[in-house]
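**Q** Okay, here's what each chain looks like letter by letter:
Protein chains: 2
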Amino acid sequence: MDAICVELQTTWHAEIPISAAMGTEVVSFTDDELVVRAGLEPNINVHGTAFAGSLYAICALTGWGMVWLKLREAGLDGHIVLAEGRIEYGRAVTGDIVCSCRFDPEVQGPGLAAFAKSPRTMLALSCTIDTRGKQAVRFEGIYAIRKR
Amino acid sequence: MDAICVELQTTWHAEIPISAAMGTEVVSFTDDELVVRAGLEPNINVHGTAFAGSLYAICALTGWGMVWLKLREAGLDGHIVLAEGRIEYGRAVTGDIVCSCRFDPEVQGPGLAAFAKSPRTMLALSCTIDTRGKQAVRFEGIYAIRKR
Chain H
793 MDAICVELQT
803 TWHAEIPISA
813 AMGTEVVSFT
823 DDELVVRAGL
833 EPNINVHGTA
843 FAGSLYAICA
853 LTGWGMVWLK
863 LREAGLDGHI
873 VLAEGRIEYG
883 RAVTGDIVCS
893 CRFDPEVQGP
903 GLAAFAKSPR
913 TMLALSCTID
923 TRGKQAVRFE
933 GIYAIRKR
Chain Y
793 MDAICVELQT
803 TWHAEIPISA
813 AMGTEVVSFT
823 DDELVVRAGL
833 EPNINVHGTA
843 FAGSLYAICA
853 LTGWGMVWLK
863 LREAGLDGHI
873 VLAEGRIEYG
883 RAVTGDIVCS
893 CRFDPEVQGP
903 GLAAFAKSPR
913 TMLALSCTID
923 TRGKQAVRFE
933 GIYAIRKR
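Going down the list, the protein sequences come from chains H and Y.
No gaps in the numbering here: position 125 of the first sequence is 917 in this note's numbering, and each next residue is one more.
No gaps in the numbering here: position 63 of the second sequence is 855 in this note's numbering, and each next residue is one more.
Don't take every hint at face value.
[To be verified] Taking beta-carbon pairs under 10 Å as the criterion, some of the chain H residues facing chain Y (in silico):
#1 Pro809
#2 Ile810
#3 Ser811
#4 Met814
#5 Pro834
#6 Asn837
#7 Ile872
#8 Tyr881
#9 Gln900
[Stated by the list, open to error] Covered by chain H, according to a simulated footprint, are these stretches of chain Y (three or more residues, beta-carbon under 8 Å):
#10 798-808
#11 824-831
#12 837-847
[Said to hold, decoys possible] Ranges of calculated distance between the beta carbons of each label pair, as one might list FRET restraints:
#13 Y:Asp823 <-> H:Asp869: 45 to 55 Å
#14 H:Asp869 <-> Y:Leu868: 36 to 46 Å
#15 Y:Pro911 <-> H:Pro911: 52 to 62 Å
#16 H:His805 <-> Y:Gly831: 16 to 26 Å
#17 H:Ser820 <-> Y:Glu932: 26 to 36 Å
#18 Y:Val899 <-> H:Ala866: 42 to 52 Å
#19 Y:Val798 <-> H:Glu880: 31 to 41 Å
#20 H:Glu880 <-> Y:Pro897: 26 to 36 Å
#21 H:Ile796 <-> Y:Ser910: 28 to 38 Å
#22 Y:Val899 <-> H:Arg883: 23 to 33 Å
It is worth saying that the hints were derived from the structure and are not from the lab.
Note that CB positions come from ideal geometry on N, CA and C, so glycine has one too.
Turn these sequences into a full structure, and let the hints guide you.
**A** Take a look at the structure:
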């Protein structure tokens, strides 16, 4: 795994203890796609499937991680907070939670570029979680970023 | 605390281990208002405030708990899942997380009553979390309920 992915996961586990309790791991960051995984067991619910709150939290972290990675790539430093989130649960997640977030230069690029010249910006990002080959969860988060 | 609140908290901790890791506790269920609390420490984030994912998860649990309590009161048994959630973070939560969910008989009563006669229903519920006397978080969840 890239050193930057190790640093992201280490930051999460050290500074967001619930991310460690959920077993959140960075899988990869390739071609502007960040993939994050967590086992089902620590995130199980009363139905034996993944807890809706864990699914959301993993999406929220994945989107946050994407912003953190893209700021790093751009040589920028920012304070990143989630301002708003919405999520739809289309089907139950019955195995490991694998969350994917894609950065589209045409969609999120302008907001990121604006931050180089401005004290703050907002970035909207989507994450998805599939289960047995089908989309189970779709998350949209709006992240507020400001210079430190 | 009422026996029913003890049972709700015990169910969460036994069957949703991340709810125990977050330190989620039922505070009270009085006059159709459910109050749930979790300490800041297990839910802290990189900014030293409450993690957005924990705030959402605690709201999701509180809404679920409200549906569970109201089904019990009505003598009904149902399989409760969160179908959709949205949340707005207006300000950072800097202390214990105290989440409140109110059941309004005029708003949610008809959906609950319908479930007595039908195999499934949907209930929309709101939760709020205040910090230092001001609203910090507003959550809206749509819960799908079906007979077992």
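**Q** For each hint, tell me whether it holds in the structure or not.
**A** Status of each hint after checking the structure:
no., hint, result
1, Pro809, "holds, 6 Å"
2, Ile810, "holds, 5 Å"
3, Ser811, "holds, 8 Å"
4, Met814, "holds, 6 Å"
5, Pro834, "holds, 6 Å"
6, Asn837, "holds, 5 Å"
7, Ile872, "holds, 8 Å"
8, Tyr881, "holds, 6 Å"
9, Gln900, "violated, 19 Å"
10, 798-808, "holds (count 3)"
11, 824-831, "violated (count 0)"
12, 837-847, "holds (count 7)"
13, Y:Asp823 <-> H:Asp869: 45 to 55 Å, "holds, 48 Å"
14, H:Asp869 <-> Y:Leu868: 36 to 46 Å, "violated, 53 Å"
15, Y:Pro911 <-> H:Pro911: 52 to 62 Å, "holds, 54 Å"
16, H:His805 <-> Y:Gly831: 16 to 26 Å, "holds, 19 Å"
17, H:Ser820 <-> Y:Glu932: 26 to 36 Å, "holds, 34 Å"
18, Y:Val899 <-> H:Ala866: 42 to 52 Å, "holds, 46 Å"
19, Y:Val798 <-> H:Glu880: 31 to 41 Å, "holds, 33 Å"
20, H:Glu880 <-> Y:Pro897: 26 to 36 Å, "holds, 28 Å"
21, H:Ile796 <-> Y:Ser910: 28 to 38 Å, "violated, 52 Å"
22, Y:Val899 <-> H:Arg883: 23 to 33 Å, "holds, 28 Å"
Violated hints for the displayed structure, listed by number in ascending order: 9, 11, 14, 21.
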